[in-house]
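Asks: Chains as they are written, first to last, in the working numbering: chain Z, 1 to 155; chain P, 156 to 310; chain L, 311 to 465; chain C, 466 to 620.
Bear in mind the hints are in silico, worked out from the structure with no lab data behind them.
In this text the structure is predicted, and so the values were computed from the model without any measurement.
All residues carry an ideal CB built from backbone N, CA and C; glycine is no exception.
Any given hint could turn out to be false.
[To be verified] Derived BS3-like pairs (lysine-lysine); straight-line CA-CA distance at most 27 Å:
(1) C:501 / L:430
(2) L:454 / P:162
(3) P:227 / L:317
(4) L:454 / L:433
(5) P:227 / L:451
(6) P:162 / P:191
(7) P:162 / L:382
[Said to hold, decoys possible] Partner residues are not named here, just some residues of chain P that face chain C (Cβ under 10 Å, in silico):
(8) 201
(9) 225
(10) 229
(11) 232
(12) 242
(13) 243
(14) 244
(15) 290
4 protein chains.
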Amino acid sequence: MEGNQLKGQIGVIGGAECTSDIYEIAREVGGEIAKKGFALVCGGLTGVMEAACRGAKEAGGITIGILPTSDKRAANPYVDVVIPTGLGHARNVLVVLAADAVVAVDGETGTLSEIAIALKVGKPIVGIRTWELEGRVPLAKGGKEAVALLVGMLR
Amino acid sequence: MEGNQLKGQIGVIGGAECTSDIYEIAREVGGEIAKKGFALVCGGLTGVMEAACRGAKEAGGITIGILPTSDKRAANPYVDVVIPTGLGHARNVLVVLAADAVVAVDGETGTLSEIAIALKVGKPIVGIRTWELEGRVPLAKGGKEAVALLVGMLR
Amino acid sequence: MEGNQLKGQIGVIGGAECTSDIYEIAREVGGEIAKKGFALVCGGLTGVMEAACRGAKEAGGITIGILPTSDKRAANPYVDVVIPTGLGHARNVLVVLAADAVVAVDGETGTLSEIAIALKVGKPIVGIRTWELEGRVPLAKGGKEAVALLVGMLR
Amino acid sequence: MEGNQLKGQIGVIGGAECTSDIYEIAREVGGEIAKKGFALVCGGLTGVMEAACRGAKEAGGITIGILPTSDKRAANPYVDVVIPTGLGHARNVLVVLAADAVVAVDGETGTLSEIAIALKVGKPIVGIRTWELEGRVPLAKGGKEAVALLVGMLR
Numbered sequence: 001m002e003g004n005q006l007k008g009q010i011g012v013i014g015g016a017e018c019t020s021d022i023y024e025i026a027r028e029v030g031g032e033i034a035k036k037g038f039a040l041v042c043g044g045l046t047g048v049m050e051a052a053c054r055g056a057k058e059a060g061g062i063t064i065g066i067l068p069t070s071d072k073r074a075a076n077p078y079v080d081v082v083i084p085t086g087l088g089h090a091r092n093v094l095v096v097l098a099a100d101a102v103v104a105v106d107g108e109t110g111t112l113s114e115i116a117i118a119l120k121v122g123k124p125i126v127g128i129r130t131w132e133l134e135g136r137v138p139l140a141k142g143g144k145e146a147v148a149l150l151v152g153m154l155r
Numbered sequence: 156m157e158g159n160q161l162k163g164q165i166g167v168i169g170g171a172e173c174t175s176d177i178y179e180i181a182r183e184v185g186g187e188i189a190k191k192g193f194a195l196v197c198g199g200l201t202g203v204m205e206a207a208c209r210g211a212k213e214a215g216g217i218t219i220g221i222l223p224t225s226d227k228r229a230a231n232p233y234v235d236v237v238i239p240t241g242l243g244h245a246r247n248v249l250v251v252l253a254a255d256a257v258v259a260v261d262g263e264t265g266t267l268s269e270i271a272i273a274l275k276v277g278k279p280i281v282g283i284r285t286w287e288l289e290g291r292v293p294l295a296k297g298g299k300e301a302v303a304l305l306v307g308m309l310r
Numbered sequence: 311m312e313g314n315q316l317k318g319q320i321g322v323i324g325g326a327e328c329t330s331d332i333y334e335i336a337r338e339v340g341g342e343i344a345k346k347g348f349a350l351v352c353g354g355l356t357g358v359m360e361a362a363c364r365g366a367k368e369a370g371g372i373t374i375g376i377l378p379t380s381d382k383r384a385a386n387p388y389v390d391v392v393i394p395t396g397l398g399h400a401r402n403v404l405v406v407l408a409a410d411a412v413v414a415v416d417g418e419t420g421t422l423s424e425i426a427i428a429l430k431v432g433k434p435i436v437g438i439r440t441w442e443l444e445g446r447v448p449l450a451k452g453g454k455e456a457v458a459l460l461v462g463m464l465r
Numbered sequence: 466m467e468g469n470q471l472k473g474q475i476g477v478i479g480g481a482e483c484t485s486d487i488y489e490i491a492r493e494v495g496g497e498i499a500k501k502g503f504a505l506v507c508g509g510l511t512g513v514m515e516a517a518c519r520g521a522k523e524a525g526g527i528t529i530g531i532l533p534t535s536d537k538r539a540a541n542p543y544v545d546v547v548i549p550t551g552l553g554h555a556r557n558v559l560v561v562l563a564a565d566a567v568v569a570v571d572g573e574t575g576t577l578s579e580i581a582i583a584l585k586v587g588k589p590i591v592g593i594r595t596w597e598l599e600g601r602v603p604l605a606k607g608g609k610e611a612v613a614l615l616v617g618m619l620r
């Protein structure tokens, strides 16, 4: 991988547990991120994170997993670059900071904390079936639409 | 101060900028926390954080400020114990973890990130004029009611 | 406790396990810190940390424990203000940043990491039976001498 | 880059300022890490960090920079994957945790804090013209020897 060939890093945030519907959506998001030439950054665990990494790898992309644990073995099998932080929930902030823009897929309160930090630091964000926060998070129907919207915001 | 005389630590989260109305509400919250025998923990800066610390000190309480900076001079003048973290936004998580229960007053996306973490880790929380999150955050009208509600949750 | 009555915060760093000799030295260090009017800040666990907190409480002082865990129950019984960080080893940096000056007692590599950060950020430091680092860490024989030296450096 | 083609992540720690001699040594270390099939992880800044990243890229490797700032622009031009943490000195711990093994080149107290954490968590480490710590850090003469030693420790 040549760093200068990468267009940047797009984050995918969502729960460690999800339905098969959400899994497929996250997988599509990961694939679109890779096809657009961006590295995918996420929390590196299961559920939405695993699905997005899997989709990115299937599309020949590169994946980065920023783990809450200090043990790299917590990473899902589709993570290329593993960053075990040992920071617990504070690692959520790092996932957002490592992303030029963020796609939020589904998710509960952990995902909400990442959406809030993304809004706080002004990272472009698009959501799919997640917290809308009174219109602060523009929603997309699927991965293709979400990533296209984000890439547009980054131009 | 004798640690064994303290009943615990209650957090107050809210913005570094606020209206005079919100300032007075946060000041009342801080005073109530002190009167109930709890230490007050917050982000240590201005606005709601300063107001809560001021109210706690006026009621003879003890205040803890967990700062985003590595420089203790960022603390407001009503902070007794200063914890300069140098962690930036990741310090929001520490404010929540240091609290047995949390009162959210007003606040924007930074406060939302702290509310989300409080819900994620299961800390009792009450809000005043803040994010309701579809009923996840029970709201109180003022400081007296909010702190009474929280103390009840801690029993 | 009135914050404005506290002269500042002095850190004590050392191992979670120590001999009875070292325990008594750390206890003396904690007592001296309290007698000089400073709050004691440490990692909040056992060994040197517990001994220093115990000594400070016996002298009527206030103690702050910055824990590596997110669970406050890991704190030793002599900690007044508990800051559970959930940051693991990264919490070592916070202990140093929260101290105006540092006393290092005994200790292994964890303590060495804190001494290194203290030197890096320019905090006054005195050691007792610990890493000398080619003279970078001035050594004292006991708690009374160590704290007297530090207080002198802070003037 | 295929993650499963990477053998792991080797860290290079050292100062943000260094002599041209040290720069060339760090550059050789980076090149050797890439030739052996490992990703290089470092603090992402100038000096030894830049030299190591440059050497790794010249050898067709992949580089990861874990920054103390929240702004990715602080990364040196040879960093592929940028992790802006905003954690200040606490990021030193993350550099060590992200590495399966560590090479320390030259360096002052910041580097010492990373060496101490590496020893604390039991990461294999080899040093070049750096802190020996009473034999705890085995020293190598150059990059080729250092990386060969480390790879041997990882088997």
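Asks: Please go over all the hints and tell whether each is borne out by the structure.
Replies: Hint-by-hint comparison with the structure:
1. C:501 / L:430: violated (33 Å)
2. L:454 / P:162: Judged against 27 Å, a Cα distance of about 33 Å means the pair is violated.
3. P:227 / L:317: Between residue 227 of chain P and residue 317 of chain L the Cα gap is close to 14 Å, so the pair holds against 27 Å.
4. L:454 / L:433: holds (19 Å)
5. P:227 / L:451: violated (30 Å)
6. P:162 / P:191: With Cα atoms ~8 Å apart, residue 162 of chain P and residue 191 of chain P stay inside 27 Å; holds.
7. P:162 / L:382: holds (14 Å)
8. 201: Since chain C brings no Cβ nearer than about 20 Å to residue 201 of chain P, farther than 10 Å, the hint is violated.
9. 225: holds (6 Å)
10. 229: At about 13 Å, which exceeds the 10 Å cut-off, the nearest Cβ of chain C leaves the hint on residue 229 of chain P violated.
11. 232: violated (24 Å)
12. 242: holds (5 Å)
13. 243: Cβ of residue 243 of chain P sits 4 Å from chain C, so the hint holds.
14. 244: Holds: closest Cβ of chain C sits about 7 Å from residue 244 of chain P, inside 10 Å.
15. 290: This hint is violated: residue 290 of chain P lies away from chain C, its Cβ roughly 33 Å from the closest one there, beyond 10 Å.
Of the numbered hints given earlier, the model fails hints 1, 2, 5, 8, 10, 11 and 15; all others are met.
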